[in-house]
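Listed below are the residues making up each chain.
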Amino acid sequence: MPPITCVRCQANKAVVKRPKNHHKLCRDCFIAVFEDEVHHTIVSSKLFYPGEKVAIGASGGKDSTVLASVLKTLNERHNYKLDLVLLSIDEGIKGYRDDSLETVKRNALQYDMPLKIVGYDELYGWTMDQVVETIGKKGNCTYCGVFRRQALDRGAKTLEIKHVVTGHNADDVAETVLMNLLRGDLPRLSRSTSIVTGGSLNDVKRSKPLKYAYEKEIVLYAHHKKLDYFSTECIYSPEAFRGTARSLIKNLEKVRPSAILDIVRSGEDMARLTPDKGQGACACDEGEGMGGCGSADAKSSGNDLAQMEASLKKQPAVNGLETEITSNGAPEVIDSDDVVKLPVRQRRTKESGPVQLQTLGKCVKCGYMSSQAMCQACTLLEGLNKNRPEISIEG
Amino acid sequence: MASNTAEAMAQMSLVVEFSGGLEMLFSDIRRHALTLPAKDKDGSPSTIAYLIHHLCEHVMKDTRRELFVLDGHLRPGILVLINDADWELEGEEEYELKSGDNILFVSTLHGG
Chain P
1 MPPITCVRCQ
11 ANKAVVKRPK
21 NHHKLCRDCF
31 IAVFEDEVHH
41 TIVSSKLFYP
51 GEKVAIGASG
61 GKDSTVLASV
71 LKTLNERHNY
81 KLDLVLLSID
91 EGIKGYRDDS
101 LETVKRNALQ
111 YDMPLKIVGY
121 DELYGWTMDQ
131 VVETIGKKGN
141 CTYCGVFRRQ
151 ALDRGAKTLE
161 IKHVVTGHNA
171 DDVAETVLMN
181 LLRGDLPRLS
191 RSTSIVTGGS
201 LNDVKRSKPL
211 KYAYEKEIVL
221 YAHHKKLDYF
231 STECIYSPEA
241 FRGTARSLIK
251 NLEKVRPSAI
261 LDIVRSGEDM
271 ARLTPDKGQG
281 ACACDEGEGM
291 GGCGSADAKS
301 SGNDLAQMEA
311 SLKKQPAVNG
321 LETEITSNGA
331 PEVIDSDDVV
341 KLPVRQRRTK
351 ESGPVQLQTL
361 GKCVKCGYMS
371 SQAMCQACTL
381 LEGLNKNRPE
391 ISIEG
Chain S
1 MASNTAEAMA
11 QMSLVVEFSG
21 GLEMLFSDIR
31 RHALTLPAKD
41 KDGSPSTIAY
51 LIHHLCEHVM
61 KDTRRELFVL
71 DGHLRPGILV
81 LINDADWELE
91 GEEEYELKSG
101 DNILFVSTLH
111 GG
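Top line first, the protein sequences correspond to chains P and S. Just so we're aligned: the first sequence equals residues 1 to 395 in the UniProt record's numbering. Just so we're aligned: the second sequence equals residues 1 to 112 in the UniProt record's numbering.
For the record, the hints were derived by calculation from the structure and aren't laboratory data. Some hints could be false.
Listed below are the simulated EDC-like cross-link pairs for lysine to aspartate or glutamate, each with C-alpha atoms no more than 20 Å apart in a straight line [as the list claims (entries may be wrong)]:
#1 P:Lys254 - S:Glu92
#2 P:Lys254 - S:Asp62
#3 P:Lys20 - P:Glu268
Partial chain P-side listing against chain S, Cβ under 8 Å, derived [claimed, not checked]:
#4 Gln10
#5 Asn12
#6 Ala14
#7 Val16
#8 Lys20
#9 Lys24
#10 Glu215
#11 Lys225
#12 Leu227
#13 Ser231
If you anchor each label on the Cβ, the simulated ranges turn out as follows [to be verified]:
#14 P:Arg272 - S:Thr35: 36 to 42 Å
#15 S:Val59 - P:Asp203: 36 to 42 Å
#16 S:Arg31 - P:Val7: 41 to 47 Å
#17 P:Lys157 - S:Gly91: 39 to 45 Å
#18 P:Gly136 - S:Glu93: 38 to 44 Å
#19 P:Ala32 - S:Thr35: 45 to 51 Å
#20 P:Leu182 - S:Ser27: 56 to 62 Å
#21 P:Lys362 - S:Glu92: 52 to 58 Å
Ideal placement from N, C-alpha and C gives every residue a C-beta, glycine not left out.
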């Protein structure tokens with residue numbers, strides 16, 4: 001095969017074929033285009049304000065390493081005036097985090113950023129190794145995920161930072177959209193697609209600047225920029241369900257590379273159809289966490305569904321969002337009288353009892369934002385501390 | 001006949017690298033220098049497909065072959081760079097190997 005020339009500069013040999021549009025680019029043009037697109041995401045979503053202190057959730061893996069590198073580059077190039085800090089979580093898994101934390105320490109030097117490491121042991125009194133010793137490998141991802149969510153927020157708070165960025169990419173978002181679709185969890189689907197979560201109700205805001213970046217391009221960016229990252233699988237084995245969704249995404253990408261961004265966009269469109277979008281959004285959507293290990297446990301989804309039903313009842317006319325395509329081709333707004341609407345979810349709707357709308361308050365034990373009297377982390381900890389680990393998070 | 005045999009015996013040397021977690025399947029060694037026959041048993045030039053088969057049969061010690069190959073093809077989610085270029089630009093499995101080629105397999109399936 002003769003060498004293919006870059007479509008952008010028309011000079012150098014193309015080395016990348018972009019999944020989203022099949023453009024063939026040389027190394028330098030690929031790096032420039034990738035950075036420009038992340039810049040575009042940041043500007044169009046108004047992610048940052050000048051002078052903002054931002055913590056980068058850093059695992060030492062490819063996504064967060066690319067995020068740190070790109071943010072440093074863009075911060076200097078476009079004068080964002082951001083104060084960037086690396087924030088790492090040490091779950092206390094020997095042989096897994098030890099090596100990746102060494103990578104983060106090197107990244108801190110390479111990018112000239114301060115680094116803060118927060119350990120599960122100091123926050124919760126338990127390392128994940130100790131948790132697994134107590135409860136076994138089954139279900140440990142739930143503990144790890146619940147603990148990690150709070151750990152990033154708490155770490156940010158100790159640094160007096162109100163914005164944490166994570167390396168979630170388009171593949172991660174597509175995967176989460178599919179998982180929530182397969183679970184019928186529309187409220188969580190809605191939250192998982194938004195680029196910014198938390199913020200108003202929570203003190204710490206989360207965002208995903210790489211939301212539209214393909215995992216393939218992140219890996220290629222890391223390769224062509226020779227970034228120093230660490231890759232390994234969590235030794236306590238990730239959830240099977242996420243793994244299945246992940247394989248499905250990769251298979252779809254093979255047949256139709258644009259599928260990944262299309263799923264992300266479909267997720268965003270579906271999210272717009274859910275009532276009370278944005279309200280009541282708590283930080284508990286970040287199930288995928290860092291390091292590819294998941295935790296978005298289906299058990300708590302009952303809460304979200306109940307909440308959504310409550311708001312559906314409060315607000316019966318979401319009809320403005322619904323259109324019916326009639327045979328003569330003219331879309332009509334559905335009149336709620338003559339159309340039998342399919343109920344969103346019957347499972348929990350009882351004829352009498354009104355659905356309780358959950359309210360966000362603070363955990364009685366630790367003061368962390370929670371919709372229950374006690375937050376998930378404290379509930380799990382109480383179980384652990386009593387050595388009664390079979391306790392589950394009630395929805 | 002003699003020349004045919006010599007041609008059939010012709011070898012080429014390649015550098016094959018693994019990263020993104022794939023090195024775990026290959027004895028935790030990132031860089032492998034390999035010698036491969038220039039032609040396969042049918043006399044056709046050796047391709048990436050042949051290399052993948054060879055890696056499974058002779059280089060991989062790990063038994064979890066399905067983490068590298070699925071249904072006879074490279075597992076989706078593993079990127080291949082041929083002399084630093086995306087293999088999608090080079091004909092993927094059909095690419096005919098040349099002596100001195102550098103082939104890099106990168107997994108995108110591991111946590112980030």
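Satisfaction of the hinted span 41 to 47 Å by the C-beta atoms belonging to Arg31 (chain S) and Val7 (chain P) | Given a distance of about 32 Å, which is not inside 41 to 47 Å, the answer is violated.
Status of the Lys225 (chain P) interface restraint (C-beta, 8 Å, chain S) | Since chain S brings no Cβ nearer than about 13 Å to Lys225 (chain P), farther than 8 Å, the hint is violated.
Beta-carbon spacing of Arg272 (chain P) to Thr35 (chain S) - inside the hinted bounds 36 to 42 Å or not | At roughly 58 Å between Cβ atoms, Thr35 (chain S) and Arg272 (chain P) fall outside 36 to 42 Å, so the hint is violated.
Residue hint Leu227 (chain P), partner chain S, criterion CB-CB below 8 Å | 12 Å, violated
Could you say whether the range 56 to 62 Å given as a hint is met by the Cβ separation of Leu182 (chain P) and Ser27 (chain S)?
-> 37 Å, violated
How about Gln10 (chain P): closest beta carbon in chain S under 8 Å, or not?
-> 16 Å, violated
Assess, step by step, whether the Cα of Lys254 (chain P) is no farther than 20 Å from the Cα of Glu92 (chain S), and give holds or violated.
-> 12 Å, holds
Regarding Ala32 (chain P) and Thr35 (chain S), is the given constraint of 45 to 51 Å on their beta-carbon distance met?
-> With a Cβ separation near 39 Å, Ala32 (chain P) and Thr35 (chain S) fall outside 45 to 51 Å, so the hint is violated.
Please verify that hint: Ser231 (chain P), Cβ, nearest Cβ of chain S, below 8 Å or not.
-> For Ser231 (chain P), the interface hint holds, since the closest Cβ of chain S sits about 4 Å away, which is under 8 Å.
Per the hint of 52 to 58 Å, is the separation of the Cβ atoms of Lys362 (chain P) and Glu92 (chain S) within bounds?
-> 55 Å, holds
Check the following: the C-beta atoms of Val59 (chain S) and Asp203 (chain P) are separated by a distance inside 36 to 42 Å.
-> 52 Å, violated
Lys157 (chain P) versus Gly91 (chain S) beta-carbon gap, inside 39 to 45 Å or not | Between Lys157 (chain P) and Gly91 (chain S), where Cβ atoms are some 53 Å apart, the hint is violated.
In summary, the structure is inconsistent with hints 2, 4, 5, 8, 11, 12, 14, 15, 16, 17, 19 and 20 from the numbered list given earlier, while agreeing with the others.
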